[in-house]
Amino acid sequence: MAISISESIVVGLTDFWSRKIRSIVTIIGIVLGTMSVIVVLAMVNGINEQTISWMMERGGLSKVTVNRNWQYEGDKNLPDYFTLREIFRIKELLPEAKYFNPQMNDWGRMTNLENSFRTRVQGIVPDYQYIEEWTVDEGRFISQFDIDQNNDVIVIGTKAVEELFPNGKAIGEYVTFNNRRLLVIGIMKHRYLKNNFDVSSENSLDYLNWRCFVPISTMINKISGEDKINNLTLKARSADDAPALVEKLDEILLNMRQGEAIFEIQSAKEEAQEVEKNTATFRVVFFLISIISLLVSGIVIINIMLATIQERTREIGIRIAVGARRFDVFVQFLVQTVIVTFIGGLVGTIAGISILSLVSKYMEFQLIAYPEMVIVALSVAVGVGFFAGIIPAIKAANLDPVQALHYE
Amino acid sequence: MENVIKFENIEKLYDMGKVSVKALRGVSSEIKRGEFVAIIGPSGSGKSTLMHILGCLDTASSGSFWLEDKEISKVKKGKLSQIRNMQIGFVFQTFNLLPHLNVRRNVELPLMYSGISAGKRYKMAEKVLTDVGLADRMNHKPSELSGGQRQRVAIARAIVNNPAIILADEPTGNLDTTSGNDILSIFSELNNAGHTIIIVTHDPAVAERADRTIKIVDGLIV
Chain A
1 MAISISESIV VGLTDFWSRK IRSIVTIIGI VLGTMSVIVV LAMVNGINEQ TISWMMERGG
61 LSKVTVNRNW QYEGDKNLPD YFTLREIFRI KELLPEAKYF NPQMNDWGRM TNLENSFRTR
121 VQGIVPDYQY IEEWTVDEGR FISQFDIDQN NDVIVIGTKA VEELFPNGKA IGEYVTFNNR
181 RLLVIGIMKH RYLKNNFDVS SENSLDYLNW RCFVPISTMI NKISGEDKIN NLTLKARSAD
241 DAPALVEKLD EILLNMRQGE AIFEIQSAKE EAQEVEKNTA TFRVVFFLIS IISLLVSGIV
301 IINIMLATIQ ERTREIGIRI AVGARRFDVF VQFLVQTVIV TFIGGLVGTI AGISILSLVS
361 KYMEFQLIAY PEMVIVALSV AVGVGFFAGI IPAIKAANLD PVQALHYE
Chain B
1001 MENVIKFENI EKLYDMGKVS VKALRGVSSE IKRGEFVAII GPSGSGKSTL MHILGCLDTA
1061 SSGSFWLEDK EISKVKKGKL SQIRNMQIGF VFQTFNLLPH LNVRRNVELP LMYSGISAGK
1121 RYKMAEKVLT DVGLADRMNH KPSELSGGQR QRVAIARAIV NNPAIILADE PTGNLDTTSG
1181 NDILSIFSEL NNAGHTIIIV THDPAVAERA DRTIKIVDGL IV
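So the protein lines, in turn, are chains A and B.
Residue 319 in the working numbering sits at position 319 of the first sequence; the count goes up by one each step and never skips.
Each position in the second sequence, counted from 1, maps to that position plus 1000 in the working numbering.
Chain B on its own, in the form it takes in the complex (with noise of 0.2 Å):
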């Protein structure tokens, strides 16, 4: 199977002024299409970090990183942002919805940015809204919906512009049991479907969901 990451020798340094901290000290590896990957560590050991690297909102200090045959560390950083809205579909911790916009906007919000008109946004988004089963609740505010509601907005938020990745940076940690469940099974079906999915996390038991497991030990793979 073919890659669609794939990234050598990364190394992130922090400036903090006098000192600088290397969050990452030289990662390489490779993620093939279609493969649920989860990249685990304990908090501090830079696995967010290499996140944000692969997420396109950070860049590295060194290495080199492809995403779909691109070289992402070659890209201008003004051109990242096209990549970011075509390419990956980011679900987060802290579901990060906008407060004021109802559910059906928010999932609109990445085809807004790639120019694609009212009428067609309003399709797609009742669509993948169907698919994490939230038809009926497309005119609601996030506020009024459910932790785990809210973490499927996000998600149909992250796959409504057909990603090559979707990374979720701890998507069950606000989560109860029963719906941390619910979320994982969603990204079962959806890499099932075809979709390459990168979450991270410390919690051994959604590690174990994945295929393969990616571990950061203090800035390195071990």
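One chain only, chain A, in its complex shape (with noise of 0.2 Å):
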């Protein structure tokens, strides 16, 4: 014989409804709690989404960078960029990777009849496209014949399409950069990437569509003229294989320039790795934050349970009188300071998710909800109201029958 934990559930949520402002009172530190933890969690959780898919957008975690280290600051005179026979030789040295691009830029003005903008040209190969991940929407990318070739063909991007070809038909005719004379063979395809962060501009891929791309060949035999390499980017087979790439590739530049650090690499997986600490770190911070304030609404239902249960002494002996077991007494009161909890943490959980929703109406500002999110506030809720409840109901389940029925 004993109550069952439904019964004591009607018996805690009748006693919630019976003294509703109490109730309330006693959820207000619940709900503003569980919503924090919400809004925080969907903050934390944008952050992270952005800068993984931007980063994915910028070729995936398998890419390589080498450039120019800007921190170098020996005194050998060492050329700070590659020419294209050593561009050859780590090639040669570097079978696993999977594409491999040279880069080269320039900068100038290019123009068509009256209209004009300065940009930046950029000499690649073909692997550039699979690397980046991006290519022509109309027209082709530049071939390998037209490495072998040098010839004066230009890939442009959708904005420079904008500046030079204002009635949009821009492929088979001609544009000249720095003196020369280039046939536009193909347009990239529109890069678009929602900004969430900055207002100023809500594209944050948009500078890709400003680029123009040669031959890297043509860069250095007829536009630049000169035989000067400072970019490099590599794909690895995967992203896991990345690091033993990067480790090879930097003895391998070590080699080149006689140990010294001229060139920097970068490897986006490293730096998503680096994301995804900063990002634990918040989270972490913010849901101490979050636990803090839940732990103080702890402390506060703690008090007002034992008040409550101050003032149901004689109810107390009267349960005790009729039958109720001590530990039916422990249960109820445990029982209803979980469903006070329970029902503030539903509570801020909507309050927090209806929040998110508005917030990101007006701010531009992308918050990610999981439904993983919700469990956790809601067992949060649930665990403050166990650890509160039990005290209190402690204290109820030994109080002596006797003085409880006369307890005035």
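Source of the hints: derived by calculation from the structure; they are not laboratory data.
Just to be clear, a hint being listed does not mean it is correct.
[Stated by the list, open to error] One-sided and incomplete, this derived list gives chain A residues near chain B with beta-carbon spacing under 7 Å:
#  : residue
1  : 21
2  : 257
3  : 259
4  : 261
5  : 265
6  : 315
7  : 321
8  : 323
9  : 394
10 : 398
[Claimed, not checked] Distance condition first, Cα-Cα at most 20 Å in a straight line; then the derived SDA-like pairs of lysine to any residue:
#  : chain 1 : residue 1 : chain 2 : residue 2
11 : A       : 20        : B       : 1079
12 : B       : 1077      : A       : 10
13 : B       : 1022      : A       : 402
14 : B       : 1123      : A       : 10
15 : B       : 1079      : A       : 137
16 : B       : 1077      : A       : 6
17 : B       : 1076      : A       : 398
18 : B       : 1120      : A       : 7
19 : B       : 1120      : A       : 10
20 : B       : 1077      : A       : 398
21 : B       : 1077      : A       : 180
22 : B       : 1077      : A       : 7
23 : B       : 1079      : A       : 10
24 : B       : 1141      : A       : 17
25 : B       : 1120      : A       : 6
26 : B       : 1079      : A       : 360
27 : B       : 1141      : A       : 14
28 : B       : 1120      : A       : 16
29 : B       : 1120      : A       : 4
30 : B       : 1141      : A       : 5
31 : A       : 395       : B       : 1058
Glycine included, C-beta positions come from ideal geometry on N, C-alpha and C.
Grab the two chains, each in its own frame, and use the hints to assemble them into the complex.
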């Protein structure tokens, strides 16, 4: 003979409704605490997601980039660029690189009839499109044949099309860049990634749409006239293979420059891990703050429950007199506290998600809520109720029935 | 007739720090099944203490106490709740109903702790409330009832589990004479129906209704 949990829940809910104002006061802390847990988790997720999707857009996690090391302070006058010969040598030594793209940039004015703008033109090889996972929308990309023949061809971005060809027809037309006439053979796909953090530009990939590409051989031999390749991008077979590739590449580059760190290697995977680490810290800090606020509300609940039990001493005496076991009394008050915090958690979760949808609407700020977060928030609320409920419930269960019955 | 209650040499000491107070100084008696007994005595005599021990709300410091052939003084404290639930029905001076529950749910309370299903509880509560003449007040809150009606609810709650004894502590103490007489008539009816009733009172008029009185003065039966 005992009162079942479902019976306790019914008793708890009845108690909750019969003392509405007190119940509402009790849950406010939990509501706010749970709400902040939901909002904070969604914010951190939003930041994380944004960074990761940006990286994915820029070639994924297997991408490795070599640039000049701007922090290098050595005084040996070593070249901070590669020659085409050196590039071929590196490629030979790195058969594990799936794609390999040396790149040479040049700034200048690009014109077509009366239209012109200043831009950066990049000399590249066909692998570029596989490394960046980006290719033409119209026409064709630079081919190996173009490289071999030093062809005067160019592939341009959508912004360049807007600037130079107001009527939209660009393929088959000519542009002039640094006095060299180049045939437009392709238009790159328009790039777009919603920018959630900066209201000044809504497309965080817009800078790519300005880019124009020529064969690297044409760049070296006909446009800049210098054999100075300042950038190299590679792609490992998978993100997991990237660290080994980075290590080997580092060794090769050090050997080429007398052990001096002239170049700097960046791996998307390492950056992603760095981001994950940073957001993990964020998450922990924000989560701790939310937990502290929930603990504070837990203490408030202990207080209110102790007062409630004081007030209900006679009721407890009556229940014991008609046959309630101490355990029944304990369960009754524990369940009641948990019900209060569960309802608080539920209200807080709903409020949190409503705030998220409101904020995302007005702030253009991406906040991502996962079902797991709801479970976490509710579990935390129930956990707070459980721990806050134990002390008052023990106190209630240990009341002396004779004294409790005569309590005024 | 068989004994429903028997107690021998019951003592109760209250430890008040340096001094201990003896509320009961060795009392013995028997109550037979179907009896209507009044325990009387002035306030502070120990009659309430005896009632608490007989009602299994408290335990004696020494002595033996049998209820329905079971030696309660040897029962573990944790098991007393079951005995209170099944064998004893309490009626108090101040009614002791739960104010936020309606009449029916108040009566169902002991049944809930015996683990009886909601549907069955409802029927059993309805029956005893009809017996005490409150079938039409089932869904009222105690605050909507008169004192006499509240005490009738308390009686319904006391008998709903069909206990071995009904223990009433000054059941008419908070009632006017008419309502008090009504309540005493209900006790007489219940007694006629076979219930064993023990009323604790200091009012001789109440004690007159009983078959027998046990008088306590200064912790002793006289």
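Comparing the hints with the structure gives:
1. 21: violated, 14 Å
2. 257: violated, 83 Å
3. 259: Since the shortest Cβ distance to chain B is 80 Å, the answer is violated.
4. 261: violated, 76 Å
5. 265: Where the cut-off is 7 Å and the nearest Cβ of chain B is about 72 Å from residue 265 of chain A, the hint is violated.
6. 315: Since the shortest Cβ distance to chain B is 6 Å, the answer is holds.
7. 321: Hint holds; residue 321 of chain A Cβ to chain B Cβ min 5 Å, cut 7 Å.
8. 323: holds, 2 Å
9. 394: violated, 15 Å
10. 398: violated, 12 Å
11. A/20 to B/1079: Violated - the C-alpha atoms of residue 1079 of chain B and residue 20 of chain A are around 35 Å apart, more than 20 Å.
12. B/1077 to A/10: violated, 28 Å
13. B/1022 to A/402: holds, 17 Å
14. B/1123 to A/10: This hinted pair holds, its Cα atoms lying about 19 Å apart.
15. B/1079 to A/137: violated, 83 Å
16. B/1077 to A/6: violated, 26 Å
17. B/1076 to A/398: holds, 16 Å
18. B/1120 to A/7: holds, 14 Å
19. B/1120 to A/10: At roughly 17 Å apart (the allowed maximum being 20 Å), residue 10 of chain A and residue 1120 of chain B satisfy the hint.
20. B/1077 to A/398: Judged against 20 Å, a Cα distance of about 12 Å means the pair holds.
21. B/1077 to A/180: violated, 103 Å
22. B/1077 to A/7: violated, 24 Å
23. B/1079 to A/10: It is violated: about 25 Å lies between the C-alpha atoms, which goes past 20 Å.
24. B/1141 to A/17: holds, 15 Å
25. B/1120 to A/6: Holds - the C-alpha atoms of residue 6 of chain A and residue 1120 of chain B are around 17 Å apart, at most 20 Å.
26. B/1079 to A/360: Violated, at about 59 Å.
27. B/1141 to A/14: Holds. Residue 1141 of chain B to residue 14 of chain A sits at ~14 Å (cutoff 20 Å).
28. B/1120 to A/16: violated, 25 Å
29. B/1120 to A/4: Holds, at roughly 16 Å.
30. B/1141 to A/5: Violated: residue 1141 of chain B and residue 5 of chain A sit about 25 Å apart, past 20 Å.
31. A/395 to B/1058: Roughly 18 Å between the alpha carbons, so the hint for residue 395 of chain A and residue 1058 of chain B holds.
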